[in-house]
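Taken in sequence, the protein lines are chains A and B.
Numbering-wise, this note's numbering puts 152 at position 152 of the first sequence, and it's gapless, one number per residue.
Numbering-wise, this note's numbering puts 337 at position 337 of the second sequence, and it's gapless, one number per residue.
Warning: the hint list may mix true and false statements.
For lysine to aspartate or glutamate, the following DMTMM-like pairs were computed, each having C-alpha atoms within a straight-line distance of at most 20 angstroms [what the hints assert, rightly or not]: (1) B/Lys167 x A/Asp55; (2) B/Lys322 x A/Asp170; (3) B/Lys321 x A/Asp131; (4) A/Lys34 x B/Glu98; (5) A/Lys133 x B/Glu319; (6) A/Lys51 x B/Glu43; (7) B/Lys321 x A/Asp136; (8) B/Lys168 x A/Asp170; (9) A/Lys3 x A/Glu172; (10) A/Lys122 x B/Glu43; (11) B/Lys167 x A/Asp170; (12) B/Lys330 x A/Asp50; (13) B/Lys167 x B/Asp280; (14) B/Lys168 x A/Asp185; (15) B/Lys51 x A/Asp136; (16) B/Lys90 x A/Asp55; (17) B/Lys196 x A/Glu84; (18) B/Lys330 x A/Asp15; (19) B/Lys322 x A/Asp136; (20) B/Lys196 x B/Asp107; (21) B/Lys51 x A/Asp194; (22) B/Lys168 x A/Glu172; (23) A/Lys51 x B/Glu426; (24) A/Lys168 x A/Glu141; (25) B/Lys378 x B/Asp399; (26) B/Lys51 x B/Glu72; (27) A/Lys122 x A/Glu7.
Hints are computed from structural coordinates only; laboratory data are not their basis.
Quantities reported herein were computed from a predicted structural model and do not represent experimental measurements.
Take a look at the letters that make up each chain.
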Amino acid sequence: MRKFVTEKGLVLPLDRANVDTDYIIPKQFLKSIKRTGFGKNLFDEARYLDKGLPDQECTGRPLNPDFVANQPRYKGASILLARENFGCGSSREHAPWALDDYGIRCIIAPSYADIFFNNCVKNGILLIVLDEKIVDQMFRETEATPGYTLSVDLAAQTLTKSDGSVIKFDVETSRKHILLNGLDDIGLTMQHADAIKTFEQQHQLKAPWLFG
Amino acid sequence: MASMTLYDKLWNSHLVRELDNGTSLIYIDLHFLHEVTSPQAFEGLRLASRKPWRAKANMATPDHNVPTTTSERSRGVEGIVDPVSRIQVKFLDDNCKEFGIEEFEIDDHRHGIVHVIGPEQGRTLPGMTIVCGDSHTSTHGALGSLAHGIGTSEVEHVLATQCLVQKKARNMLVKVNGSLKPGVTAKDVILAIIGKIGTAGGTGYTIEFGGDVIKSLSVEGRMTVCNMAIEAGARAGLVAVDEKTISYLHGRPFAPKGAQWEQAAAYWRTLVSDADASFDAVVELEGGDIVPQVSWGTSPEMVAPVTGHVPDPASASSEAKKGNYQQALKYMGLSAGTPIQQIKLDRVFIGSCTNSRIEDLRAAAAVVKGRTVAANIKEALVVPGSGLVKAQAEKEGLDQVFKAAGLQWREPGCSMCLAMNADQLEPGEHCASTSNRNFEGRQGFGGRTHLVSPAMAAAAAVFGHFVDIRDVKLL
Ligand code: SF4
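Could you put together the complete structure from these sequences and hints?
Here is the structure:
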């Protein structure tokens, strides 16, 4: 997995609560058997005015001028600022794949849905949880300041604004470790293969019907 | 030993090892796969030259992307007209063959929505840990198993290691007391719960559903409730094992037999929360207060009683909520104060892993019997959850009842629940749907979903608008 160490980037504010995974990547794009190429269909229904089809070239499609990501000032953003319960709904990992493919490396929100949270960690995307008031403040600052950027330092657990002020954030030690080192978690679990085998044998003795 | 909740017991009995960072390695007994979230996981295995840890602990079926018309389905995989869908279904077939995983293929008579066929086959058993690359895996918790959805990376992880790295959730008890009024169903109960606690109310928790109302529900009704635990933000929903659970499973193809059955059933009877177990959060509802529910917005928490009105955003409890309400009303093309029963409808969908089992179809058929689909309804689909549900319904003549009333009788699959196949709403259309999500675009680009129970959807089909099912006489 790719590492996440630091990121300095433009902030894209998506002012909408309960953004669900259907909104992040509509289902017609889930027909793909690949992991890549979803970025052009990120937020497809909000981003374009027509209905998107899988395998369609997106460059000529009519853009929704009201959709925030279509404003030139947010082009190239790598940090997404979002509202509560971001990523609710289905377990589709296509949602983080689409965010990643679009170039989003880090998300800041007051809360996330938890399957989505896990899926992001598996893809090297850092999710930062901040108090709603701080997020509110950041929305105001982003909207008021064209070119608003933030610097994220995972090791130090800090967000630095361009005026030099610093916000600390919490991150679980295990997730931090995995992200900083870009660890392959199947490989990590395989280090416990003996424990899994031992468990399995005892489990089978207790509940043989599970192994019929 | 300290008293434990059902969730604690299930967790402890699958704990392989506590890792030093607050997470644990949890053993997974059963893994369901479908065509949409598995291809990249199989590819990952191949790239790393890994094999499934225990192939027999997996079971697959294509459901999300399959067509539901008999003309397409009569020709198996090759009959799938959409080439992209066909490739995905074929990929699942090929991957299952390559890795030695049992699959109910598209033309198998036992094929169906993964969350319907698991319990139906007795694959889902109490006390198991169950995962699937699908958030509605929570359904299986109705049988006292710890079941939740995972992403594709975790699908690969479970295939390779039979384990997941997990952080234990907190315990929540949602107690529905008393009894339900006639006409009020499991679907109304779960919609009312989500309306009360919100779509993030269960985040970080495993919810155990209890109380007299839950006890009185059939096992299928409990599946409807647990199915939508995820819509309340909880990864997993649970119902304690009782004699109904055990008799539901008796004789199912994959359920244990003979002496093993006795041994298993004895163990399953212990799968209840201890009387004095403590929960981190408790929510109580009075069953008698629950009125048939209809969702009016774009989130499952946006529900109203069928006797109510579309709410005024000004009445929202916070500024953020107010904005959400306004957004939802705009998308839904509704104005505040509109009586729920006056919302104009275009289509009806009866199906999905929430409500496509035989009891759901019976309830819907009872309402449409002797009536016909209203003139303003362009299409009303009935999509059974599995081939076996379909066969049973046909044995009981329910298909004839639906067809006589002008509803379409389809082949099993997810269908218009997520509209990945051809079953989709047109922009702006309103649909009375028995599925679980009313997100923007969920049932088709620009489509507008109203979540209801099967009986309420059936009534909407024949009356052309929502009606209070409690006032509808069965003919
Ligand atoms: S019926 Fe709907 S919710 Fe259930 S598995 Fe299929 S798509 Fe998901």
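Index of numbered hints that the structure contradicts, given in increasing order: 1, 2, 6, 15, 20 and 26
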